[in-house]
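Peer 1: Sequence:
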Amino acid sequence: MTTANNLPQEVTTLLHRALPSMVHIELLLLLFRTGPRAWSTHELAVELRSSPDLVTAAMADLETSRLAEQEPGTTPPKHRFDAGEATAIQAVAMLQTIYDRRPVTLIKALYKRPPASVTAFADAFRLRSDS
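So the number in my numbering is just where the residue sits in the sequence shown, counting from 1, plus 964.
Source of the hints: derived by calculation from the structure; they are not laboratory data.
Idealized CB from N, CA, C, for every residue including glycine.
Among the clues, some could well be false.
Capping the alpha-carbon separation at 20 Å, the derived lysine to any residue pairs in SDA-like fashion look like this [stated by the list, open to error]:
(1) Lys1076 to Glu974
(2) Lys1042 to Glu1011
(3) Lys1072 to Glu1011
Derived CB-CB ranges, DEER-like [claimed, not checked]:
(4) Pro1067 to Thr1039: 29 to 39 Å
(5) Arg981 to Val1068: 13 to 23 Å
(6) Gly1037 to Arg1065: 35 to 45 Å
(7) Ala1050 to Arg997: 16 to 26 Å
(8) Thr1038 to Arg1013: 16 to 26 Å
(9) Thr1039 to Arg1077: 32 to 42 Å
(10) Thr1061 to Glu1011: 12 to 22 Å
(11) Glu1027 to Arg1077: 16 to 26 Å
(12) Glu1049 to Ala1002: 12 to 22 Å
(13) Thr1028 to Thr1069: 25 to 35 Å
(14) Val1010 to Glu1035: 30 to 40 Å
(15) Gly1037 to Lys1072: 36 to 46 Å
Given only the sequences and the hints, what does the whole structure look like? Please build it.
Peer 2: The following block contains the structure:
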């Protein structure tokens, strides 16, 4: 199923739930493409040509969203892809395909997202299971 932004529902949900910026998207996709490799913040910043502060903030968000993890016992901390659930891994794989084939569509969807306050209000009415 596709949404109004011509993206699969899974990708739109991923964007709205966990990816507020292109730094988040590019960071997630780099971790996804490199599989089990663990990266330091400095290595990620160099690879993405971004600032370490932006990468640190985005990594914290990805870890909170359970799309990445900090490798235990590493100093300085190293991070890797770890979506855990098959549906999340599939959504990230779809995101990678769209990033490669339809980047303009992805960028438009990212920046035309509903404001966080509207999303939070809508989520208040979403039915949830008791588990």
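Peer 1: Tell me the hint numbers this structure goes against, listed in increasing order.
Peer 2: 3 and 14
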